[in-house]
Amino acid sequence: MRVLKVVAEGLTTSFRYPLFMLQVHPTFLMPPPATIYGHISSALGEWFDPEGVRFAYHFHHDGTVRDIEHVIVLSASTGKLKGTDYPKVLEGNVNPFERDMFFRPRLTLYVNRPEWESAFRSPRYAVALGRSQDLFTYTSIEVVELEQAECAYFENTILPHEMAIEVQRGLAVLMPRFLDYAHNRRPHFQQYLVVTDRVRLPNEEGRRFAQEQQRLYWVDPASEEDDGAHLGLAFHGFLEEAHAT
Amino acid sequence: MLRYTGHPLYDVGVATITAFAGKRDPADLVESDLEAIATYMAREYVRQPLKSFLTVAFPNSGFTQPAFEKTPERRHAYAQSVLGAYGALPLDDETCIFTGEPAAAVIFKDRDDVPPGRAFRQHIPLLTGEGVINFHPYGDAGVPVSGTAMLALQALPLGSAKVGGRLLAVHSDNEEIIYHFAASFLEENRRLIQLAQAEGSTKMPEPRLSYRTLLIATLLNAQRMQREAVASEEPFSITAYHLTNSGQGADLSMYHLPSQVVSFLAEMFTAKYRGKWQTIVNRAWERPGRGAGEDFEPGRNYLYEDLFGLPDNARFFVRTYLLREAAQYARGRAQDPRGEYSLAEEAGMVSWDITERFLRRIMNVDKERIEQIRALGDRLAEYISSENDRGFFRGFFTEQRYPYFRNLLVKANLQSVRRGHPPLVTLEPYIQVFEEGDELAQADWRLARDLVLIRMVERLYEAGWLGQNRETLTELTTEAEATER
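Top line first, the protein sequences correspond to chains A and B. Residue numbering for the first sequence is 1 to 245, as defined by the numbering used here. Residue numbering for the second sequence is 1 to 485, as defined by the numbering used here.
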């Protein structure tokens, strides 16, 4: 499979749980698919049709820290700004929010759209991941040929939740998969398996069925080799569809 | 009518309603089941002890609003709007973010100054308040919810434990486990509510156990955890949400138990491990402090608490619980039993079988390396008992500098060969256990040493050598602690 491989690095980032809004913002351990959609759209300069677009990633960071950020909690207002004739439309107060952040994040993103290489070489908007102030830099952009292999290792990524039985490790997390901009940014959620430490597949501890055929994994042949295995890539879509690894 | 969707707070509410109805599956709920719990909440949420406790979950809601004290009809109207919305008409253009169903055409308030179908902080913990536009698309404050979702979210406190003045809601990707926690907490809450009312108390009593210990203790009571055939079942993980939505300061702590930790715990329940594991667990319960009465009951199990730090604290875990080394920082803390752990006294508790599963499940160590560690432990134990080489055992146990440690092994190797025996350690297994790359000691060589020690101690104990050399072991334990300091 021919894919676009992009490495993006930054100083900090954070992926807020969407339903925890007040005073404390824990972060997902991995960027949610909806964040990846926004990131790609930012490079392209438009909301793209998610049909058929599939991505996989490896996300690494050098540690987490809890920071306090000031959020101006805004409400609609009326009247005029003090001493002027300008209408006052918003008002708010500064509130301290505790936010979990990743230090020196590094995203290696694989997208099955090699034709988007030029867009990533010249992104339309400022490159960011997470919050708008979490600026990133593309340190590598290339089109690569992935291979299929009978064994692979997966780490620092999200996998389809169905793979839990095969992987036997990880944490199930509900993440926003896609925000439907045609319908007031209606959120669509999906459960994923977050795997941080390295797990080799097929797994000696995983369940086996007699009739199960040896499956093949997509791997990046340029990744670090570990006892004959390369980095495995689990591809996800933004729409509700079957996963494919 | 109701189903699990993966949203933690909503799912806990769904499980609570299901348990309240005496059913196991939310798909079996009927409208009268919703009516029953709505009636219960309408009655209990407006009186003590829940009225004051609900400020943790729903501050400034109609249930807790002090301004409503003298206007019970407003409190009743509020209860009707949030608890009775499951039967309301749907909105055409708003979709519930939890269920995907149409939002309810109900204003969740006793006044009509917010849009219909929209929920705010007083309805769902940790959302923003009315009118606040941050974090909402296009500045539309609040989130749209269906009537059933609103009922489920109102049931959340009943299916959560009250610990440390906060709610402890437990979620999993295993529906049986979500149900188990919600049902257990609901049963206990109803008992505590009755107790408080009988005593005329305005305060909801708290469970004896700390939240992390409570979480593990409740988990271990689940049938799913106690089945023998754990290997053939789908693994699951757990996330606990310890939160307060209080007006004085909302806060949230999340605790994760990844599936490898849960699977390890389930495996420790099987016949092969249960006996020794339970002994290790029993020795980790908090002890009575000064002035504790005879009716003291422990509230904290240190092993359970330390499970939440895995795998980052794996070395500490192995050393303390599996190798029975006293935890230095726990010394002098009367209530912490770990300061008194002693290999000399508890060598019989050391188990390679448990350690092997810990390495596989929690630390993801490959089978080949585990086998090398075990084999090395066997060979060294055989050497020590046959040669009665206390000096080597002493050095292996206490040495803290890697080059010295390596020399110790080299010398023992030579000694063994001189006596006409095969080498104790050959290059490849040695590298696999202790080193990665040329001359580069593994960052966790001490962990590797502890693991070899576990196997050695177990074998020497079985061979009776440790029994005959108990004094040596006592001296060594003290010496190792002094060296580490």
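Check before you lean on any hint, since a few could be wrong.
[Said to hold, decoys possible] If the Cβ cut is set under 7 Å, some of the chain A residues that face chain B in the computed set are:
| id | residue |
| --- | --- |
| 1 | F20 |
| 2 | V73 |
| 3 | P123 |
| 4 | V127 |
| 5 | V143 |
| 6 | R169 |
The set of hints was computed from the structure by calculation and includes no laboratory data. Every residue gets a Cβ at the ideal spot worked out from N, C-alpha and C, and that includes glycine.
A quick look at each hint next to the structure:
1. F20: holds, 5 Å
2. V73: holds, 6 Å
3. P123: violated, 24 Å
4. V127: violated, 23 Å
5. V143: With a minimum Cβ separation of about 33 Å from chain B (threshold 7 Å), the hint on V143/A is violated.
6. R169: Nearest chain B Cβ about 5 Å off; hint holds.
Violated hints, in rising order: 3, 4 and 5; the structure is consistent with all others.
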